[in-house]
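**Student:** In case it helps, the numbering used here puts the sequence shown at residues 954 to 1321.
None of these hints come from the bench; they were simulated from the model. Computed from a predicted model, the values in this text were never measured in an experiment. Hints may be right or wrong, so weigh each one.
[Claimed, not checked] Below, a list of computed lysine-lysine pairs in the DSSO-like style, where the Cα atoms sit at most 27 Å apart:
hint, residue 1, residue 2
1, K1293, K1276
2, K1132, K1232
3, K1307, K1170
4, K1235, K1170
5, K1293, K1170
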Amino acid sequence: MHSSSSPSATAPPGALEFPVEDVSDEEMAIIDAAMAAVAAGARPLFSAAARRAAAPLSCAAYSAAGPAGGDIEDSPCRSRLARFRRRRALAVTDITATEWCEKQMEFVLEHGRPERTQAMKAGSVRHAQLEQEVVERVDVTIRSEEERWAVKFMNFIVGTNQLLYEGRTREIPVIGVVKGSWMIGIVDEIRMAMDGQPMLMDTKTRSSPTSPSEPQKRNGRLQLMCYKHLWDNLIIGEFPAENFFSYFDLDPRYKLSDDLKRYMSSLGFNAETFEDVLKYFKITCHTLSMLRSQEQLLLRYELQTDHTLLEEYHFPYDARWFKDQVQEVLSFWQGSREPKFVTEEEMWKCSFCKFAPNCPMIASMSRC
């Protein structure tokens, strides 16, 4: 029987030990077949167009959770998590947007996001270009929330196998429970470093050839630390499947569409149900148990116009700082306090905020 060796077998004295489940011969054969398929050029799902088409499924599932208008579900006494993210995970972008300005995040939740700026659109285009350099997406049609999640798990499997074979991958979905709340994110890029550990990085574009401010770097640090926390916990912990099915109201016995079954078969997986996909996802995580990500993280800043590299910002993961930042953000989402305004030193952010004309802080200052 093949089994994943425990990290404690070669770890130095005092090192943390993480339990790793044994993997059967059958499971290892499945993983080997999947990795061979990736080496032969397996492609992750979806195209950008398919992702956009899938997005309403999430919104529809959420809006159908309760009647509209006047329902106790929408009472302002309930937490923001319950009101705006019921049966949904907090996105890492929710975390970073809240850290940027809690009052702005409240406006977004209550009134919707303002129209995207040209700078935002340019950043999205650049991310798509970078992704196309590494992966080629495949279009599929999805019919349900179960299939939407199945695609995320499949993309994780393909992406991590590409990382092992080619030393680099992009747009890897990561999910887990952080401080009791489900969180999900998409890692921009992972590269295998010389020491054999994955290095997490993110590329950001800037409209002017200037260095980012400290608040911008701080926000980027929080984003990458979220990704590292989620990645590390996926590969060293046990994915809480029952909690996952229950929280997101998903049917583990859901029958996959023929398109998804064919795609899984091309990877060497015999998957009939959503639960089968999750099983292979968990097996993949176990095979990565020795690949905890590097403590050093990397933010790359490029000029939007010609992609000139402006700065590479290396920084270490700070577990205590990350814990404090996430706890502060979650206290906003859990409704334990009112949203904070930006500090006086960071009021320059208000110049770029579409909600500034309606912001109480700006109004109070104009009356002075």
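**Student:** Run every hint past the structure and note whether it holds.
**Tutor:** Verification of the supplied hints:
About 19 Å separates the Cα atoms of K1293 and K1276, which keeps this hinted pair within 27 Å; it holds. Our distance criterion of 27 Å between C-alpha atoms is met by K1132 and K1232, whose separation comes to about 24 Å. Between K1307 and K1170 the alpha-carbon distance is near 22 Å, which keeps this suggested pair within the 27 Å criterion. The hinted pair formed by K1235 and K1170 fails the criterion: a straight-line CA distance of about 33 Å is larger than 27 Å.
As the CA atoms of K1293 and K1170 are separated by approximately 20 Å, the hinted pair is consistent with the 27 Å bound.
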